[in-house]
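In order, the protein sequences belong to chains A and B. In case it helps, the working numbering puts the first sequence at residues 1 to 374. In case it helps, the working numbering puts the second sequence at residues 1 to 374.
Careful: at least some of the hints might be erroneous.
You can't tell identical chains apart in this list, so a pair holds if it fits in one copy or across any two.
With a straight-line Cα cutoff of 25 Å, these simulated PhoX-like cross-link-like pairs (lysine-lysine) come out [to be verified]:
| id | residue 1 | residue 2 |
| --- | --- | --- |
| 1 | 188 | 125 |
| 2 | 356 | 188 |
| 3 | 173 | 125 |
| 4 | 125 | 201 |
| 5 | 219 | 173 |
| 6 | 356 | 219 |
| 7 | 188 | 173 |
| 8 | 219 | 125 |
| 9 | 226 | 356 |
| 10 | 219 | 188 |
Hints in this document: simulated from the structure, not taken from any laboratory.
Protein chains: 2
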Amino acid sequence: MKAAISSLISSKNLNFHCSRTTLLHSKPVFPRSPSFLSPTPTKTHQIRTNFDKTSRIHTTHFSSIMASSYKPEQARAPPALSLPAPPVTKARYFFKIGLCQLSVTPDKERNIAHARKAIEEAASKGAQLIMLPEIWNSPYSNDSFPVYAEDIDAGGDASPSTAMLSEVARLLKITIVGGSIPERVRDKLYNTCCIFGSDGKLKAKHRKIHLFDIDIPGKITFIESKTLTAGQSPTIVDTGRIGVGICYDLRFQELAMIYAARGAHLLCYPGAFNMTTGPLHWELLQRARAADNQLYVATCSPARDAGAGYVAWGHSTLVGPFGEVLATAEHEETIVIAEIDYSIIELRRTNLPLQKQRRGDLYQLVDVQRLNSE
Amino acid sequence: MKAAISSLISSKNLNFHCSRTTLLHSKPVFPRSPSFLSPTPTKTHQIRTNFDKTSRIHTTHFSSIMASSYKPEQARAPPALSLPAPPVTKARYFFKIGLCQLSVTPDKERNIAHARKAIEEAASKGAQLIMLPEIWNSPYSNDSFPVYAEDIDAGGDASPSTAMLSEVARLLKITIVGGSIPERVRDKLYNTCCIFGSDGKLKAKHRKIHLFDIDIPGKITFIESKTLTAGQSPTIVDTGRIGVGICYDLRFQELAMIYAARGAHLLCYPGAFNMTTGPLHWELLQRARAADNQLYVATCSPARDAGAGYVAWGHSTLVGPFGEVLATAEHEETIVIAEIDYSIIELRRTNLPLQKQRRGDLYQLVDVQRLNSE
Numbered sequence: 001m002k003a004a005i006s007s008l009i010s011s012k013n014l015n016f017h018c019s020r021t022t023l024l025h026s027k028p029v030f031p032r033s034p035s036f037l038s039p040t041p042t043k044t045h046q047i048r049t050n051f052d053k054t055s056r057i058h059t060t061h062f063s064s065i066m067a068s069s070y071k072p073e074q075a076r077a078p079p080a081l082s083l084p085a086p087p088v089t090k091a092r093y094f095f096k097i098g099l100c101q102l103s104v105t106p107d108k109e110r111n112i113a114h115a116r117k118a119i120e121e122a123a124s125k126g127a128q129l130i131m132l133p134e135i136w137n138s139p140y141s142n143d144s145f146p147v148y149a150e151d152i153d154a155g156g157d158a159s160p161s162t163a164m165l166s167e168v169a170r171l172l173k174i175t176i177v178g179g180s181i182p183e184r185v186r187d188k189l190y191n192t193c194c195i196f197g198s199d200g201k202l203k204a205k206h207r208k209i210h211l212f213d214i215d216i217p218g219k220i221t222f223i224e225s226k227t228l229t230a231g232q233s234p235t236i237v238d239t240g241r242i243g244v245g246i247c248y249d250l251r252f253q254e255l256a257m258i259y260a261a262r263g264a265h266l267l268c269y270p271g272a273f274n275m276t277t278g279p280l281h282w283e284l285l286q287r288a289r290a291a292d293n294q295l296y297v298a299t300c301s302p303a304r305d306a307g308a309g310y311v312a313w314g315h316s317t318l319v320g321p322f323g324e325v326l327a328t329a330e331h332e333e334t335i336v337i338a339e340i341d342y343s344i345i346e347l348r349r350t351n352l353p354l355q356k357q358r359r360g361d362l363y364q365l366v367d368v369q370r371l372n373s374e
Numbered sequence: 001m002k003a004a005i006s007s008l009i010s011s012k013n014l015n016f017h018c019s020r021t022t023l024l025h026s027k028p029v030f031p032r033s034p035s036f037l038s039p040t041p042t043k044t045h046q047i048r049t050n051f052d053k054t055s056r057i058h059t060t061h062f063s064s065i066m067a068s069s070y071k072p073e074q075a076r077a078p079p080a081l082s083l084p085a086p087p088v089t090k091a092r093y094f095f096k097i098g099l100c101q102l103s104v105t106p107d108k109e110r111n112i113a114h115a116r117k118a119i120e121e122a123a124s125k126g127a128q129l130i131m132l133p134e135i136w137n138s139p140y141s142n143d144s145f146p147v148y149a150e151d152i153d154a155g156g157d158a159s160p161s162t163a164m165l166s167e168v169a170r171l172l173k174i175t176i177v178g179g180s181i182p183e184r185v186r187d188k189l190y191n192t193c194c195i196f197g198s199d200g201k202l203k204a205k206h207r208k209i210h211l212f213d214i215d216i217p218g219k220i221t222f223i224e225s226k227t228l229t230a231g232q233s234p235t236i237v238d239t240g241r242i243g244v245g246i247c248y249d250l251r252f253q254e255l256a257m258i259y260a261a262r263g264a265h266l267l268c269y270p271g272a273f274n275m276t277t278g279p280l281h282w283e284l285l286q287r288a289r290a291a292d293n294q295l296y297v298a299t300c301s302p303a304r305d306a307g308a309g310y311v312a313w314g315h316s317t318l319v320g321p322f323g324e325v326l327a328t329a330e331h332e333e334t335i336v337i338a339e340i341d342y343s344i345i346e347l348r349r350t351n352l353p354l355q356k357q358r359r360g361d362l363y364q365l366v367d368v369q370r371l372n373s374e
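Turn these sequences into a full structure, and let the hints guide you.
Right, here's the structure in full:
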């Protein structure tokens with residue numbers, strides 16, 4: 001297994017390469033008439049991201065194609081991708097997700113065995129996609145991160161946590177969004193989520209992009225950047241089409257918007273909000289990301305341990321594409337099993353056709369890496 | 001008064017010119033060292049919006065200035081503006097807002113007199129900023145819009161609704177965000193909000209940018225674009241620094257992001273969500289806009305009339321910069337009086353310094369009109 005993981009993660013830019021592969025096979029979300037195809041794509045992008053006088057010339061061209069003169073397709077650069085083509089079987093649209101809200105202790109071996117048991121239980125209840133919490137193999141603290149960190153790229157004994165995830169994914173034929181663990185890469189530490197396919201192979205790694213540095217005096221102060229380094233790429237994987245963020249990443253609406261424009265069905269955020277930010281924002285932010293982007297959002301928190309240095313809010317949740325809470329938990333250890341039906345996404349986007357109503361003539365969200373790769 | 005209004009709205013691009021004036025006097029939100037000032041602003045923007053190879057050269061330059069190498073200042077183009085400089089008196093930071101959740105009837109004269117009374121009542125309770133609902137002088141229907149529409153630019157008898165707003169603003173020395181009314185401009189109709197200063201002068205007009213075209217079968221279907229034309233500009237006014245949207249505009253997170261980057265303290269959305277979208281999204285969206293952009297959000301709905309063709313949800317609300325509901329209403333006619341303290345915005349942005357944590361190296365929201373004007 002060590003070799004398998006190593007080969008998959010040998011590219012420094014794995015995350016983006018994963019998504020790039022799919023981008024090449026995806027179609028634009030807005031139908032284009034044959035006449036649209038005449039300008040070179042390069043030229044179109046230059047105009048979309050460089051609002052100079054030439055854009056007015058291009059407007060004339062678009063106006064004959066789009067029902068709207070408001071250039072909704074330009075509200076994202078590059079333009080938003082369509083959802084992936086319908087799968088052959090209904091089963092790929094409709095499946096159960098399991099959110100393992102685990103208790104986490106200072107005993108790493110116990111945490112790994114415990115997580116495995118929870119995954120097995122979720123799978124026995126029919127979950128095909130199983131998610132773990134943020135930092136599930138270690139206490140959540142800057143002191144613990146270096147101690148519990150693993151060399152994921154080395155795999156095997158150097159990363160017992162991900163070795164377990166890979167094995168159990170393969171044995172149970174399930175997809176695992178493996179929460180996160182502290183990752184060591186030479187002299188750097190990351191907060192990293194590994195996504196394993198039902199063949200046990202590592203599909204992608206997401207390193208937390210936005211580090212948790214906040215200061216609400218008398219309530220919660222945490223400076224994750226004291227020990228951790230931020231990741232360099234958004235991460236989208238094709239086990240369904242899943243965008244991944246970790247905890248504080250959820251606060252940045254731009255990341256969810258990028259994922260939606262990359263054709264995501266589902267955003268998975270392992271997270272550990274606390275007793276201040278949890279009641280304030282945990283549910284709000286996931287519902288907002290789901291409703292604004294018209295896709296599913298799933299979160300998975302550790303169970304609450306009132307005696308821990310950092311007390312997690314819990315409340316792992318699945319939200320539907322109307323921003324509706326479909327299933328949730330309280331704060332104790334539990335497994336949330338809930339049904340996802342990707343076909344609902346198309347329905348909601350027909351009900352509220354936001355993507356066709358955006359004002360690309362007034363605003364544009366640029367996905368920098370995707371644009372640079374084109 | 002007619003002359004006063006006419007002179008103020010003679011420019012076709014009034015809305016943007018209003019904000020442009022302030023932009024020139026604002027400072028960037030991120031401190032720049034003297035060495036930053038050497039490159040020409042034009043060159044900087046070219047690099048920010050045109051992700052070519054030269055951006056790498058520029059990165060080197062930024063890295064000596066920003067604590068972060070993640071280019072948070074590039075997450076908005078042009079870069080986000082600072083909040084306006086502190087006012088001379090505390091009173092300008094701290095004031096009462098009044099949200100007049102009015103009943104609306106087919107009798108226009110009654111609606112105008114009724115709105116005036118409500119404004120007077122709100123002012124008598126100390127409100128210095130008073131907001132009316134979307135379409136408060138007319139039933140909300142495509143049949144009614146042409147019948148109740150007024151020529152706001154002509155003013156006086158041609159627009160009795162805005163004449164009343166101007167007069168009462170001047171007499172009571174209050175600012176009015178005048179909900180919206182159907183506006184006629186030659187052969188076009190708009191859904192338009194007029195903002196009057198405490199001198200009775202029209203500060204800005206916002207024409208609904210995103211028209212309400214939705215279809216949730218068996219629940220709610222409404223195609224506003226059958227009769228209305230969409231506005232062409234975001235609108236921000238300096239009576240405080242207020243960004244204005246109307247109802248469906250609230251669904252588009254990009255608009256709120258633009259306003260925040262233009263230095264808004266408060267977003268005002270007159271709106272009339274319905275019995276389907278109201279319970280689903282009314283509170284969620286305003287809380288999300290407030291929390292994501294760390295500013296105040298106020299909404300004002302008509303009171304519910306179960307016998308009307310379009311049944312409004314009600315629930316006019318003020319939300320604080322942590323996304324917390326500060327004051328709200330049920331569905332019956334009422335006036336919500338609530339306190340706003342703009343200094344809280346800075347506090348929340350210190351607690352959660354999102355604007356310094358954004359990843360301008362990964363995403364960028366472009367404010368097209370502001371960029372073009374530079």
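Status of the hints after comparison with the structure:
Taking identical chains as interchangeable, the C-alpha atoms of residue 188 and residue 125 are never at most 25 Å apart, the minima being 38 Å within one chain and 58 Å between chains. When the C-alpha separation of residue 356 and residue 188 is checked against a cutoff of 25 Å, the pair qualifies only between copies, where the shortest distance is 22 Å, while the shortest distance within a copy is 43 Å. In this homomeric assembly, residue 173 and residue 125 come within 25 Å of each other (Cα to Cα) only inside a single copy, at 14 Å, whereas the closest approach across copies is 65 Å. For a Cα distance limit of 25 Å, the shortest separation of residue 125 from residue 201 inside one copy, 23 Å, qualifies, whereas the shortest one across copies, 65 Å, does not.
Within a single copy, residue 219 and residue 173 get their C-alpha atoms no closer than 43 Å, and across copies no closer than 41 Å, so neither meets the 25 Å cut-off. When the C-alpha separation of residue 356 and residue 219 is checked against a cutoff of 25 Å, the pair qualifies only between copies, where the shortest distance is 21 Å, while the shortest distance within a copy is 42 Å. In this homomeric assembly, residue 188 and residue 173 never come within 25 Å of each other (Cα to Cα): the closest approach is 33 Å inside a single copy and 60 Å across copies. With identical chains, the CA atoms of residue 219 and residue 125 are never at most 25 Å apart, being 38 Å at best within one copy and 35 Å at best between copies.
Taking identical chains as interchangeable, the C-alpha atoms of residue 226 and residue 356 lie at most 25 Å apart only when they sit on different chains, with a minimum of 16 Å there against 43 Å within one chain. For the homomeric pair residue 219 and residue 188, neither the shortest alpha-carbon distance inside one copy (29 Å) nor that between copies (53 Å) is at most 25 Å.
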